[in-house]
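Visitor: These protein sequence lines map, in sequence, to chains G and C. For the first sequence, numbering that gives the first Met the number 0 gives the first residue as 0, with consecutive numbering after it. For the second sequence, numbering that gives the first Met the number 0 gives the first residue as 0, with consecutive numbering after it.
Each hint should be verified, as a subset may be incorrect.
Note: identical chains are not told apart, hence a pair may lie in one copy or across any two.
Stated by the list, open to error - In silico SDA-like cross-links for lysine to any residue, where the CA-CA straight-line distance does not exceed 25 Å:
{"hint": "1", "residue 1": "K252", "residue 2": "A283"}
{"hint": "2", "residue 1": "K397", "residue 2": "F409"}
{"hint": "3", "residue 1": "K192", "residue 2": "I313"}
{"hint": "4", "residue 1": "K249", "residue 2": "R11"}
{"hint": "5", "residue 1": "K284", "residue 2": "N437"}
{"hint": "6", "residue 1": "K150", "residue 2": "D240"}
{"hint": "7", "residue 1": "K31", "residue 2": "A299"}
{"hint": "8", "residue 1": "K85", "residue 2": "S14"}
{"hint": "9", "residue 1": "K252", "residue 2": "G274"}
{"hint": "10", "residue 1": "K150", "residue 2": "K502"}
{"hint": "11", "residue 1": "K153", "residue 2": "R74"}
{"hint": "12", "residue 1": "K407", "residue 2": "G388"}
{"hint": "13", "residue 1": "K501", "residue 2": "V279"}
{"hint": "14", "residue 1": "K89", "residue 2": "D148"}
{"hint": "15", "residue 1": "K150", "residue 2": "R11"}
{"hint": "16", "residue 1": "K397", "residue 2": "E318"}
{"hint": "17", "residue 1": "K155", "residue 2": "E17"}
{"hint": "18", "residue 1": "K485", "residue 2": "L281"}
{"hint": "19", "residue 1": "K85", "residue 2": "S142"}
{"hint": "20", "residue 1": "K182", "residue 2": "K204"}
{"hint": "21", "residue 1": "K407", "residue 2": "S371"}
{"hint": "22", "residue 1": "K21", "residue 2": "K227"}
Derived by calculation from the structure, the hints in this document are not laboratory data.
2 protein chains.
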Amino acid sequence: MARDNPIFNQFREHSVAEFFRKNRQMLGFSGKVRSLTTIVHEYVTNSLDACEEAGILPDIGIEIRVVNGDHCVVRASDNGPGIPQKLVGKALGMMLAGTKFHRYMQQRGQQGIGAAGCTMFALITTGTPVKVRTGTGTSKVYSCDLSIDVKTNKPKMLNEKMEEGEMRGLEIEGEFGEVKYDKGEYGPLAYLKRTAIANPHAQIKFKGPNDEEVLFPRASDAIPERPKEVLPHPLGLTTSDLVEMAHHSKDRKISSFLMNNFTRVSSGKIGELRGLLPDVNLNAKPRNLAWADAEKMIDAFSRLRWIAPATDSIRPIGEEQVKKALVNILNPEFMSVRERKPKVFRGGVPFVVETAITYGGNSGRHTQSGVSGDVIRFANRAPLLFDAGGCAITQAVKEMDWNRYGMKEFDSMPITVFVNFVSVHVPYTGAGKQAIANEEEIVGEIKLSVMECARELQSHLRGKVRAGEKEAKKKAIMRYVDQLAKDLVELSGTGDVERLKKKLVKLVEGKYKKKIEDATLEEIAGEAAAAQLEAENSKNEGES
Amino acid sequence: MARDNPIFNQFREHSVAEFFRKNRQMLGFSGKVRSLTTIVHEYVTNSLDACEEAGILPDIGIEIRVVNGDHCVVRASDNGPGIPQKLVGKALGMMLAGTKFHRYMQQRGQQGIGAAGCTMFALITTGTPVKVRTGTGTSKVYSCDLSIDVKTNKPKMLNEKMEEGEMRGLEIEGEFGEVKYDKGEYGPLAYLKRTAIANPHAQIKFKGPNDEEVLFPRASDAIPERPKEVLPHPLGLTTSDLVEMAHHSKDRKISSFLMNNFTRVSSGKIGELRGLLPDVNLNAKPRNLAWADAEKMIDAFSRLRWIAPATDSIRPIGEEQVKKALVNILNPEFMSVRERKPKVFRGGVPFVVETAITYGGNSGRHTQSGVSGDVIRFANRAPLLFDAGGCAITQAVKEMDWNRYGMKEFDSMPITVFVNFVSVHVPYTGAGKQAIANEEEIVGEIKLSVMECARELQSHLRGKVRAGEKEAKKKAIMRYVDQLAKDLVELSGTGDVERLKKKLVKLVEGKYKKKIEDATLEEIAGEAAAAQLEAENSKNEGES
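Isolated chain G (complex conformation) (with noise of 0.2 Å):
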C-alpha cells in the first residue's frame, strides 16, 4: 500500500464563490421562475435596506425585458445612498462582504451575498458583467461593468468611468440565463405586490416585458424610523460570542468590557455579577477571558434578572399600516390586525410578530378549484414566496386548532393570514432566506399572536351566523304579521288592517330588531295585542 492514498493528491481549496456556483439552488437559485424573482429580491431589499438606514422614502424602479428564449434583461433603480467608488466592487461582486453581516439591526438581508449572488448568476448563465451606475449625491457619478472571480471570490471592474452629473442612488442591469417571467403566484409581480403590502413608505414602478407598467404608490409618506443598531442582550449570548467578543476587546477589565459592550450591564449588574462569581476576576483582561469563566458567567447571567432587551432596533410596520395595505390589496369583509410585545428567541434575541386575518373580500388563494386559506409571510417586511413548508410561519399556522375556532373548514374559506416576522436576526433556514427556522420561541410566538386573530373572526363569523339566524326568525315572525292583524281586527272588531299590518312590521323591525332572537312569538302577540288597543284608543279619541 502506498505511503498516503493517491486521492489525497487531489486535495483542494475552494472558494465560497465556488461552493455557492456549485450550489446556486442554496441561493435561490433553482428553477427558471424562482431564479428570476430570486434576483428581483435581492436587489429590491438592498434599495430597501440602503434607503431605511439613510432615512430617505425609496423610489424604486424593476423592469425586465425578455431577450430570447430564456434570457431577461433585468434592471433595478433606487434613490438610495448610492455606494462609493471604492466598495462598488467589494459590495456586488464579492460575498460575504457588506455592511450587514456583523451587525445587530433589524436589515431584510444580513448576510452579504445576495446581491453579489446575482452577479455570478449573469456570469454563469450568459458570461456577462452586470452594469453598474452609482451616486452618492455628489456631482460625480460612477459606473462600471462588474463581474466577479468566482475561483477566489474577487470582483473584477471593466470600463470604470467617473463622469460629471447629478444622481443619488443606485443602477444595476444584468442579462440573466436560465430564467422565465411568469405572472402567477411566485413570479416578480407577485413578489413586489407583497413587497409593497409590508412597506407602505416604498413607491415601486415595474415594467414588465409585455410594455405592461404597474405602478405600487405610496401608501404613507412618514420615513419609517431608523432601527437602531443596538448592544446584544446579555441573555442572547453564547459562550462562544462572550469568548470571541473578550478576545478581540480593547477594554482593560472585563467588568468595563461588559458595561460597554452589552445593553442593560450597568454598574449595579457587575455588583451582582462579583456576588454569583467569587472565583472570577472580572478586573482581569478581557482578551484573556478563559472559557470556562466565560461559562460560569453565561450562567450567571441566567440567573440575573435583567430590564428585557431593548426593542428600539425593532421596527414592526404598525397596526394602521398593515391595515391600510390589506385594504389596499385584499378589500377583505373583515379583519383583525395584533402587534405583540416583543419577546427574545435563543435566550435574547429580540423579535417581534405582526399578525393579521382577513375574511372575505380578496382573502384566500383563489384558483380554479375554489378558494383556500392562504398564508403570506414576511420577514423584516421582506416578503417569503418559496419553501413555505419549512417555515416556522407555516408551521405555526398549521399546527392550529383552527377547529376551535370555528374554522374547522380553514383549507376552503377565504382567509389570508398575514405574519410578518421582525427581528435583528433572521434564523433563515437558507442562504436563500424564504423560511425562517423552527425556533420553538417563534413557533409557540407566531401560535399566540394568530390565535388571537382567530378568536376576534371567530366573533365576527359568530355575528354573521346569529344575524342569519336574526333573518330567519324575523322572517318567520313577519309571516304571522297578515294573520294576526286580520285576527285582531276582527276580534276587536275595530281598526285598519292595513294601517295594523304596518305598526306591526315596524314594531318588529324596530322594537326587536337588535335582541329579535330573545323575543318569541307570544311576545310579539302580546305586543301586537297591545299595539291594537293603542290603535282602538287613539281611534276611539279620535272618534270621540
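Start from chain G and add chain C according to the hints.
Guide: Here is chain C on its own, set in the frame of chain G:
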C-alpha cells in the same frame, strides 16, 4: 448630506466559517437532537467515502457519552486510509477544502464543509478542540488537538505528535454542547440503522450513553466496486462550465480539449461539430474561447446524437443487497424492489433511482396512534432524516395517486417506501445535505420507479383479497358437505357418511384449491355424486 453615507464605514469582509458560525442552522446545527445526529452523519459519511475510495471494507465505530447537561462527547473511528499529516488541518479544520468538491464522482459528502463544521461546532459550543489521531498504514501515528480560526477559516493545531505505531484509519473525539442524545427516529441510532440498510458492506459499532451497545454487522463481504471518477458528458455542461474549463485548459486546440476532458467526444463527433459550427474555429486555443462561441457549441451539443453518459461512476446498492437489508430490518410480508436504468438531470448529470416498497412486518411508521405509510430517503447511500418536506423524494411519493394502486389509505397502512438517489452530483437544497432539490427529471424518475413497486404491491394486495374471498367461499361450500354426504348416502341407500364426508372435504380442498372461485356448488355436487358412485363401485368390488 455627507459625501458618503457613514454606513459604509461599517463595510467588512467575512470568512465562510464566520458565515456558517452565524448561520449554523444551514449546516444542520439547529435543535439539540438534530445537532448530535448531524455530527454522527458527517463523521460516518466521511468514513464510508474514504473506505470506498481506498477499497476497504469499512469498520466504523461511534461512541457517545453524555458529559453534563447538554454536552456530549462523540468519538468516531474507522479503518479507512487515514489522512496524511500535512492535510489533517485543512481536511478537518477548514471549510471548503478537501478532495471531494471538484470531482465528478459519486460520493456521500461533496462539499468539503461537514467535518470542519463539526470542529467549529465543538469550538463554539464548548470552546474545545477536537482530538485527532490518524495513521496511513505506515509505522507512524500522527495526533493533534485541532480547532478552527473562525475569522480566517484556517485550522489551528495544538499538541502535534508523531509517534511510532501501527495504525490505519482515523479517530476523532470531540466534546459538543447544545446537543441531546435521543433514542427516537431522529437520533444517532436511527441514523446508523438506516446507514446500515444502505451500506450492507459496512460494519458499524455503536456505544450509547447508557452503555448500550449495538452492532450492525456486515451483511455482505463484497467490497463494493469503487465508483469511478468520470469525465463530464457534453450534455450536462452549461456555457459557463465550458468557458471556465477551456480557460484553465493547457490543450492546444479546442478540439483536443473537448476530446480530452469530456466523455463520448470522439474525432467523429468533432467532425460533426465542425459541420454544425462552420464559423467557430475548433483549432483555436481553448484559453481564448469566447462566451458567444461557447454558447454556440453548447447549442450544437444539444443537436448532436450522443451515446448516453457512462454510468460506471454510479453504484447503486443493488437489488439483492437492498432486499437483504430490508428483510433484516423490516421483516416485511411483501417486498418489491426496483432499480431503473440511469437517467440524466440538468441535461447530462447521470443518476439512478433505486426504490423499494415493503408491506407488513415492521413496515410503516409505528407510533402510539397507530401505523402510517413511511418514506425512508437516501442520497448516495447516506440517510436523509431531516427536512423531509422540501425533498424531491417526499414530493414524488406525495404526488403519487395511491388510490390508483388500491392504496387510498396509504397514510394508515403498514407500508415503507425506500428511495436511494445515486448520482455524481446530488443537488442538495442546503449545506446540511438533508433534502434533494425538486428537479423535474428527478421527481419524475422517482415517481416512475415507486409506481412500478406500487403496482407489484397492488397485485399482492389483490391476491390477498382474492385469497380471502376464496377462503370464504370454501367455508360456505364446506357447510354443505355434511348435508350432502348424508343426502347422498340416503339417496343411494349405500355408503358410509363419514367416509364420504372426508372424501368430499379432500375434493374441495384439493381439486378446487387453485380455482375454487370458478367452481360452483353444482359442480361440487356433481363431483360428490361421482365420488359417491366411485365409492359404491369400490365397495361393490370389495363385496363381490
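Visitor: Can you list which hints this structure breaks, lowest number first?
Guide: The structure breaks hints 5, 10, 13 and 18; every other hint is satisfied.
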